[in-house]
Each structure stands twice: as structure tokens, then as C-alpha cells.
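A.B. asks: Take a look at the letters that make up each chain.
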Amino acid sequence: MTTTAVRTRTETPAGRLPGAWGLGLQRGALEIKQFFRQRDQVVFTFAFPVVFLFLFASIFSDDVKGAGITASQLYVPAMMAAGIMSTSFQSLGISIAIERDEKVLRRLRGTPMPAAAYFLGKIWLVLVTGLLETAILLLVGTTLYDVDLPSDASHWFDLAWIFVLGLTACALLGIAVSSVPKSGKSASSVVVLPFLVLQFISGVYIAIDTIPDWMLNIGALFPLKWMCQGLRGVFLPDSAQILEQTGSWELGKVALVLGAWCVGGLVLCLLTFRWKNRREG
Amino acid sequence: MTTHANELAVDVRGLRKQYGDVTAVDGIDLGIRRGEVFGLLGPNGAGKSTTVEILQGNRTRDGGEVSVLGSDPATGTRAWRSRVGIVWQDESAPAELTVRETVRHFARYYPRSRDPEEVIGLVGLEAKAGSRIKALSGGQRRRLDVALGVIGGPELLLLDEPTTGFDPAARRQFWDLIRLLADEGTTILLTTHYLEEAEALADRLAVVAKGQVVAEGEPAVLRERYGTEATVVWTEPDGVTRTERTATPTRTVAGLMHRFDGEIPGLKVTRPTLEDVYLRLTGQEDAR
Chain A
1 MTTTAVRTRT ETPAGRLPGA WGLGLQRGAL EIKQFFRQRD QVVFTFAFPV VFLFLFASIF
61 SDDVKGAGIT ASQLYVPAMM AAGIMSTSFQ SLGISIAIER DEKVLRRLRG TPMPAAAYFL
121 GKIWLVLVTG LLETAILLLV GTTLYDVDLP SDASHWFDLA WIFVLGLTAC ALLGIAVSSV
181 PKSGKSASSV VVLPFLVLQF ISGVYIAIDT IPDWMLNIGA LFPLKWMCQG LRGVFLPDSA
241 QILEQTGSWE LGKVALVLGA WCVGGLVLCL LTFRWKNRRE G
Chain B
1 MTTHANELAV DVRGLRKQYG DVTAVDGIDL GIRRGEVFGL LGPNGAGKST TVEILQGNRT
61 RDGGEVSVLG SDPATGTRAW RSRVGIVWQD ESAPAELTVR ETVRHFARYY PRSRDPEEVI
121 GLVGLEAKAG SRIKALSGGQ RRRLDVALGV IGGPELLLLD EPTTGFDPAA RRQFWDLIRL
181 LADEGTTILL TTHYLEEAEA LADRLAVVAK GQVVAEGEPA VLRERYGTEA TVVWTEPDGV
241 TRTERTATPT RTVAGLMHRF DGEIPGLKVT RPTLEDVYLR LTGQEDAR
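Sequence order for the protein chains is A and B. Following this note's numbering, the numbering of the first sequence begins with 1 at its first residue and continues without gaps. Following this note's numbering, the numbering of the second sequence begins with 1 at its first residue and continues without gaps.
These are computed hints drawn from the structure, not numbers from a lab. Small disclaimer: the values here were computed from a predicted structure and weren't measured. We put the beta carbon where it would ideally sit given N, CA and C, even for glycine. Among the hints, a few may not be true.
[Said to hold, decoys possible] Within a straight-line C-alpha distance of at most 16 Å, the following computed EDC-like cross-link-like pairs (lysine to aspartate or glutamate) qualify:
1) B/K128 <-> B/E101
2) B/K210 <-> B/D90
3) B/K210 <-> B/E96
4) A/K65 <-> A/E244
5) A/K276 <-> B/D90
6) A/K33 <-> B/E236
7) A/K33 <-> B/E101
8) A/K103 <-> B/D21
9) B/K210 <-> B/D26
10) B/K134 <-> A/E244
11) B/K268 <-> B/E236
12) B/K128 <-> B/E96
13) B/K134 <-> B/E117
14) B/K134 <-> B/D90
15) A/K276 <-> A/D101
[Stated by the list, open to error] Incomplete in silico selection of chain B near chain A, CB under 8 Å:
16) R81
17) W88
18) D90
19) R108
20) A135
21) E224
22) Y226
[Unchecked claim] What the simulated footprint calls covered on chain A by chain B, stretch by stretch (three residues with Cβ under 8 Å from a Cβ of chain B suffice, anywhere in the stretch; the number is not a length):
23) 15-23
24) 105-116
25) 242-253
Required output: the full structure, derived from the provided sequences and hints.
C.D. replies: Below is the structure:
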């Protein structure tokens, strides 16, 4: 046997397989790099909720009777919740379906990369994009629509956990829903419709006291309604609690439902995630 | 690599795979020795890709025993996957990343990866190392596919029709790369429907048709074993061309000489090429 090339190898200690956490960080960095290199995707991802906030909050700006707030103020937390869901649920649901269709997932499956590293990478990506989206909406909300930044540490803390739990739950649901479309081409229609419906029945586009109770009850099965409600609790004065179904922000219940969706979403992902298209068996 | 020196790298017995009513793989047996370059040759739809996908652990099987590097691919662990390199047929590398970023990143998945720069050089992409993948030509992407297949320093490399769509020069370069990897001791299984490629690269071949192995052995042996029959062609007095396939062409010609009493019109005696053997084995003879 003749050796014609010098073999240089990079060995991990004792030739051990690299860990999922570290690889997840690596994948996260790579995902973020890829995301920001697609200019049009970046612009539209971030502009979408901002444009909607601008439209709704400018069209509906009257005082809300007896709540001590304007309709514009109501739209700021609503669009923030929708923004968190769009950067996590919608973008993951569509992008993973496309990656599956284009066999990116199958290629990864052929390497010793652990599945958890792939999911962690996606979570890092949505954490960064979700944080940026929320910051932009907060900036627009505070400068144009009379919304104040959280006044004290406890309100900042509420914002933080609602953001993290809401984002994680929606990201996991996005990963799960990516297995539904049969191809990458149909992914956006399959993912956008349920998201749009949820936005109508969770108090994003339509004020919560206008939506029929039975619709709101369906919305209450999913995370978005609770994210909206929790964020209203962070940004609106307590006088606005009168608009809520139960007359309260119910932050404890918000945490419970979002936490449950994180666990349920994870189980759903583990049960349904596919590396290949259905037709590829 | 030294511990299992006598064990087969790939050991397949009675492999079966069904897609609905269609039997894609119908009882294939394969034994690939360590360090060997093995060619799986056959027309499109013969079951080559399905077989390789099962060996990769990427497709379930309906029957048979499969052992790849001592493990069943259906239950392949991460450690097992780190020893098997796969070169995919499709362009699925991340378009927005550069060649270098991608190769470096994939290197991190493996416990004993090769040096990314060395691998980029090996596949001849040094000049494109800083280019985004979306800017590469088809041939350059295939080279990247090969780079990603070997970055983990695999003991076994599985290539499914690696040179489809290559121009002749790119194909030659690719062959050199395969020979280089083989010289380093990598066991290589490649599928192809190019006979020339199988003959140039493979130590041994299996010819597959309709889901079954119809012949197996070294290329030269195959030619000898299945290519002993010569073809004798001549023209009858009424102008009709006759063809006879025979293991004893001299006797046929002698008989014809006797009948024609001298020159035989349009006489032609040909020995089959490996291509003739292949086409006959795979039942594509009439396609010529």
C-alpha cells in the first residue's frame, strides 16, 4: 500500500464523539450566519410585524372605553406576541420543511451529528431573531404609540419569561408542524393558515373583548393567546384588565400553559420528526 | 482498523426491498473486503441506489441480513456513523455558506476528522474555498459532496453514482481521488452505470439487474467467464445476414468454408467486449 497523501487528523480527546451542547452552539452560529446572509428574508421577517403594527395601531387609535388605554397601545403587546410566533413557529415550520425537501436533513442524518444539536441550533437562531424582532417592536411601540418600557424589575422579569417560554413553545410547535407539509413548496401555505387563524382568535388583530367567547376558548388551547395576555400584563396599566375574559392578566396561568406547551411541543417533536420526506419512505 | 482485519467491511445476505408491488431488491448477497474498491454496476432501476441507501442506514429493508463495519445500519449509532462516509447524489449543501465554512463545520461532527484545508485541496477546490456554495458549478458542488463524505476520515466510503453529470476531464480527476483514498486504505463501495468507470476503479464488481446480482468478480475474470462466446456473422447467398453465437467459432467458420466452398461472404468473427458482457447480463442487449 502506498500512501500518497499525508493524513492530518484533528482528534477530540480520546477520540470521543463531540457533545450535543457544543455542536448545538456551533450549529446555532452557522444558522444565524446563513439567516443574515439572505438579505430579503431578513428584511421581510423583521418588517412584517412592524408593518402590521403600524397599520393596525394607526387605523385603530381611539380610547378604549373604561380601560384607560388607546387601541394603539393594545396592538403593541399583541404584535410583539405575533412577532415572537412568526420568528419561531412560522419561520421554523417553513424552513425545516424546505430543508427536509432539499435533503439537507438527510445529509445531516448521515453524519454522527446528534439530533439534539440540530434542534438546539434552531432554538439559538430563533432566540436571536426573536429578540431582535421584539426589540424593534418595543422601539416602535415606545416611540410612536405611547407604550412605556416595563417600569420595574418584576415587569422586566415577566417579559423575560413570557418571551423565553413563548418562543420555545412556538419553536417546538414549528419544528413539529414542519413534518405536516408533503413538500417544501407547500410548506408556507400549510404553516401560514393556522398561524393566521390563531392571530384572529387570540387577540392579535381583533381586540380580545370583541372576539366571541367560543372562538377565544379555541384560541386559549394554543400558546399565542397566553403570550398576548401575558405581554398586555407587562405593558398595559392594570386598569386595562377589565378587557380580559376573567378580568385579570392571570400570569400564573400564562406560565402554566406556556410551560405545558414547551413540554408537549418537545414530545410532539420527538414523536413526529422525520429526516426524510414521507414519499421517500 | 487493524482489529477486524479479517472481517468483511460489508456483508449482505438475501437483502430484499419492496416498494408497493415493485420488488426493487430481490435477494442480493454482497461481501466487500476491507480496503477493497467494490463496484455495483447496473442499469437505472436495477436496485443499486436502494441497496446503498440501506447500507447507509437511510432506508429500511424488508428482509435479509446486513452488516456494515460490524453493525446493522438500521440501528447505527453515532459512533458507527462517524466511521462511514456518504457521498450524496443531490446538491443539499447550505447555499449561503462558503466551501471552507461548510467543510470546517462538518469536520466538527467527527471524533477523528481530517484537516479541512487538506480535504479541500484533495478535491481540488482550493481556489473556491472562500466562495459561497450557491456560486459553485455543478461539478464543483459534487466535489464538495465528496469533501463532506471524506472529512470524517471514514473507514468505509459509500458513493452512489458519484460522477453522473461530470464531463470526461472531471471524471478522470474524480477517479484519481478515489484511487488516492483507496491507497490510504479506505474501503470504497460505488455504484455506477458507467462500465468504463467500474472497470477503471473497482477491484471487484457485482453486476445487478432487476434487483439481483447476475455476476460478480474481478472485471477481467468477468470478461473471461461471460465473454467466451464469440459471434460469427456472414451473408447467405440469398442476401440474408446470419448471426451465430458460439464458444467454438473456428468450427463454425470451418463448417461455413465447407458449405460455401471458399470465401464466406461478409464474414465477421468478434469477441465480446466487457460492455457486450454487461449488456447481455443485464438484459439490455437489444438496446444497442
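A.B. asks: Does each hint hold? Answer for all of them.
C.D. replies: Hints, one by one, checked against the model:
With a C-alpha separation of about 12 Å, the suggested pairing of B/K128 with B/E101 holds against the 16 Å cut-off. Simply put, B/K210 and B/D90 have alpha-carbon atoms about 24 Å apart, too far for the 16 Å limit, and the pair is violated. Restraint check for B/K210 and B/E96: the C-alpha separation of about 40 Å exceeds 16 Å, so the hint is violated. Proximity of A/K65 to A/E244 is assessed by CA-CA distance (about 13 Å); at most 16 Å being required, the pair is judged to hold.
Straight-line distance between C-alpha atoms of A/K276 and B/D90 comes to about 14 Å, which keeps the hinted pair within the 16 Å bound. As the CA atoms of A/K33 and B/E236 are separated by approximately 75 Å, the hinted pair breaks the 16 Å bound. Distance check on the hinted pair: A/K33 and B/E101 sit about 10 Å apart at the alpha-carbon level, within 16 Å; holds. With a C-alpha separation of about 26 Å, the suggested pairing of A/K103 with B/D21 is violated against the 16 Å cut-off.
For the hint linking B/K210 to B/D26, the alpha-carbon distance of about 8 Å falls within 16 Å, and the restraint holds. Distance check on the hinted pair: B/K134 and A/E244 sit about 50 Å apart at the alpha-carbon level, beyond 16 Å; violated. For the proposed pair B/K268 and B/E236, the alpha carbon gap of about 13 Å is at most 16 Å, so the pair holds. This hinted pair checks out: B/K128 and B/E96 have alpha carbons roughly 14 Å apart, not beyond 16 Å.
Distance check on the hinted pair: B/K134 and B/E117 sit about 20 Å apart at the alpha-carbon level, beyond 16 Å; violated. Restraint check: the Cα-Cα separation between B/K134 and B/D90 comes to about 14 Å, which is no more than 16 Å; the hinted pair holds. The straight-line distance between the Cα atoms of A/K276 and A/D101 is roughly 7 Å, inside the 16 Å bound, and the hint therefore holds. Taken as an interface hint, B/R81 checks out: its beta carbon lies about 4 Å from the nearest beta carbon of chain A, inside 8 Å.
Look at B/W88: its Cβ gets to within about 6 Å of chain A, closer than 8 Å, so that hint holds up. Against a cut-off of 8 Å between C-beta atoms, the interface hint on B/D90 holds, since the closest Cβ of chain A lies about 5 Å away. Annotation: B/R108 was flagged as interfacial toward chain A, and the flag holds, the nearest CB pair being 6 Å apart, inside 8 Å. Contact between B/A135 and chain A, as hinted, is not supported at the beta carbon level, the nearest pair being about 12 Å apart and thus beyond 8 Å.
The restraint placing B/E224 at the interface with chain A is violated, with a minimum CB-CB distance near 27 Å, outside the 8 Å limit. Hint status for B/Y226: violated, given a least beta-carbon distance of 31 Å to chain A, over 8 Å. Check result for the stretch 15-23 of chain A against chain B: holds, 5 residues qualifying (beta carbon to beta carbon below 8 Å, three or more required). Coverage of the stretch 105-116 of chain A by chain B holds [criterion: at least 3 residues with CB-CB distance below 8 Å; count 8].
Look at the stretch 242-253 of chain A against chain B: 0 of its residues bring a Cβ nearer than 8 Å to a Cβ of that chain, fewer than three, so the hint is violated.
This entry does not satisfy hints 2, 3, 6, 8, 10, 13, 20, 21, 22, 25, going by the numbered hints stated previously.
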